[in-house]
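J.: Produce the complete structure using the sequences and hints provided.
In the working numbering, the protein residues as written are 1 to 620.
Any given hint could be a false lead.
What the hints assert, rightly or not - Listed next, with one range per pair, are the computed distances between beta-carbon atoms:
hint, residue 1, residue 2, range
1, 525, 238, 51 to 59 Å
2, 495, 423, 26 to 34 Å
3, 600, 370, 38 to 46 Å
4, 240, 166, 47 to 55 Å
5, 598, 347, 47 to 55 Å
6, 256, 457, 32 to 40 Å
7, 257, 151, 36 to 44 Å
Read the hints as simulated data drawn from the structure, not as lab findings.
Think of the CB as a built atom: it goes at the ideal place given N, C-alpha and C, for glycine as much as any other residue.
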Amino acid sequence: MKHDDDDAATAATVEHNDGVATTATSAVHQEAQASRRGLLALFGAFGAISLAACGGRDSRPEDDSLQRSEQGMLGPSSNDDNFFPALYTYPGNLVQNGGSWQGEYPRLVYVFGFASPGDGGEGLYIWDPDSLTAPDASTHAPSGVLVVQPNPMPSTSKGRFRRVVDGPVNVRWFGAGRGLAGVSDDAPIQHAMDAATEIYFPPGTYTLTAGVLTSRDNVCLRGGPGALIIWDPPTPTPDYACAVAVYRNSGTERVQRPVISGLSFLARGGPNGNSGSIIQVNNCEQALIENVRIQWDSSIQSKPSQLDGITFAMGTSGSICNCVVDGIPKVGIYLSGSGTSNIRVADCEVMRANGQIGGAGISVAATDVQISNCHCHDNNFGIVLAGVGTGQAPIGMAKRVRVTGCEFAKNHVHGISIGSTFPNFSPYDIQLHGVSCVENGSNGINIDAGYSVLVADAKVMGNGVCGIAVAGSGNGGPTQGVDIIDCVVEGNSRNDATTAPGIGIRCVNDITIRGGSVRQAGTQLLGIQFLFGAGANSNIRIHDVDVDNAVLQNAFVVTWPNAPEAASGHFQIAHAGNPMASTFAAPVGSQLIDTATGNVYLKVSGDSGPTGWKRLAFAS
1 MKHDDDDAAT AATVEHNDGV ATTATSAVHQ EAQASRRGLL ALFGAFGAIS LAACGGRDSR
61 PEDDSLQRSE QGMLGPSSND DNFFPALYTY PGNLVQNGGS WQGEYPRLVY VFGFASPGDG
121 GEGLYIWDPD SLTAPDASTH APSGVLVVQP NPMPSTSKGR FRRVVDGPVN VRWFGAGRGL
181 AGVSDDAPIQ HAMDAATEIY FPPGTYTLTA GVLTSRDNVC LRGGPGALII WDPPTPTPDY
241 ACAVAVYRNS GTERVQRPVI SGLSFLARGG PNGNSGSIIQ VNNCEQALIE NVRIQWDSSI
301 QSKPSQLDGI TFAMGTSGSI CNCVVDGIPK VGIYLSGSGT SNIRVADCEV MRANGQIGGA
361 GISVAATDVQ ISNCHCHDNN FGIVLAGVGT GQAPIGMAKR VRVTGCEFAK NHVHGISIGS
421 TFPNFSPYDI QLHGVSCVEN GSNGINIDAG YSVLVADAKV MGNGVCGIAV AGSGNGGPTQ
481 GVDIIDCVVE GNSRNDATTA PGIGIRCVND ITIRGGSVRQ AGTQLLGIQF LFGAGANSNI
541 RIHDVDVDNA VLQNAFVVTW PNAPEAASGH FQIAHAGNPM ASTFAAPVGS QLIDTATGNV
601 YLKVSGDSGP TGWKRLAFAS
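T.: Next up, the structure:
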């Protein structure tokens, strides 16, 4: 079937009945007639030396005639024999007509395209008469692109055309990016990735429907400004389908130092069974994904449930830098378990990851991870730090994770979620430094399960329920060793009709809240509150927290009806108010200084006086 997109190609591939060549063919002949010596200028002095090294016949000393030197370089051919409209397909192409010289091959030839003149496949080839190198053949280009065996030539015959390559190979040399209706670019891009290590995508649009894969060490896929890959898999999409995958199987030596840089992706489909990704990096060491943009096609309303943006898994290490992921339904940047470790994510933006399952900007179940200066907004969850598993087998947990200087804003559920989907498999050694969690739909920071969690210098404001919620009854087991240091927790409880606290504590052991402020602001009327749960709060320490603009019983710790107070720990509080006239709860031994009167109060028991507080009297 003929399409409008094919008009130019059709016009370029037929001759008129009167034998006059079309415009494209005429241009090729005019270029050829201009000067064979111009072809030498394309090759350059360095290329001339390389050509001589190939053993080409008729090479002459410098004092020979110009004509003999030219013939020695180009071969004893007519002008037209050094120029071809295309490598494949076009009438008069190099591959099909390359055997017509009967052994008198030109030393240099120039093709004006891969399948037709001007399609981006133009390039210079040199004849190597002694070569038996196998061509870089594929079903897409069976005689090769970088090493070409002309037809009809037996594979045992000597002689190959070698493409002159100075730098990365260009996917257009292999026929990609021609924009033919109904024709994807999987085959030519895969051919380029099989043939070389450094691959360049010039500005233009490329379509993938099956995806491409490489396991080469030091592979580099680099896009020029405006290079766009459309990921348009079939429906239903196969499980685990990926647009670009770099991996070797587990148990084998890892792929070394792969790079994907400067490419943009537009996603139009994905799997609904088992997860697939736009970029999947498995079993790789020192991988680098940088300056990549991934976006869901907003014209397609129905999204797949199991499509991630960028995934590091199966023992991968490396960096993800300066990337944007927009609208991918499951996870924007996923750092999976199974030995994945030593990863840095920096200066990335992830937005609108809000599909049916998960919908997290960033999800981490890996070890030794640093995440800095990232912005996650308008997702279901801003970031998830988790312990995960399937059946009875744990897969991976977030361990030794540092999140620094990031913003998690306007996400539909939590800004930061720390927890586990697998019993007794809690995230461990988590540090949040200088993060901002603002205007998220539920809690700014939600900790359901975790050991040794530090939240320092955080700004947690304007969230729907709690500013920071810490619970020890989650699926992952007890939560303990949580430090909340110098944080600003104000103006939360925007969406909670029952009035949520700035910091809520439920069934937690070993938590310290020191410095910073948990102040009444806007809808946040409660400061720190013990919430009801099946377990005790123990070893709770609250020191030097600023709550000066709140009434006492709402400032620090009040207990939800029937919720356990802190069974142990210590509070050291300065506040304008008398705890004996309030519902203020604290462990025995805690101290309060009434800043309005200078009176000092000591909690001596759980039932002495209204709340067990005693005012200390000092001898004058």
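J.: In this structure, is the beta-carbon distance linking residue 256 and residue 457 contained in 32 to 40 Å?
T.: 38 Å, holds
J.: Verify the CB-CB distance for residue 240 and residue 166 against the hinted window 47 to 55 Å.
T.: Between residue 240 and residue 166, where Cβ atoms are some 37 Å apart, the hint is violated.
J.: Is the distance from the Cβ of residue 525 to the Cβ of residue 238 consistent with 51 to 59 Å?
T.: For residue 238 against residue 525, whose Cβ atoms are near 53 Å apart, the range 51 to 59 Å holds.
J.: With 36 to 44 Å as the target window, see if residue 257 and residue 151 comply at their CB atoms.
T.: Cβ of residue 257 to Cβ of residue 151: about 38 Å, so the range 36 to 44 Å holds.
J.: Do residue 600 and residue 370 keep their Cβ atoms within the hinted range of 38 to 46 Å?
T.: Since the Cβ atoms of residue 600 and residue 370 sit about 45 Å apart, the hinted range of 38 to 46 Å holds.
J.: Okay, residue 598 versus residue 347 on CB: inside 47 to 55 Å?
T.: 51 Å, holds
J.: Can you let me know if the beta-carbon spacing of residue 495 and residue 423 is within 26 to 34 Å?
T.: 31 Å, holds
Of the numbered hints stated above, the single one contradicted by the structure is hint 4.
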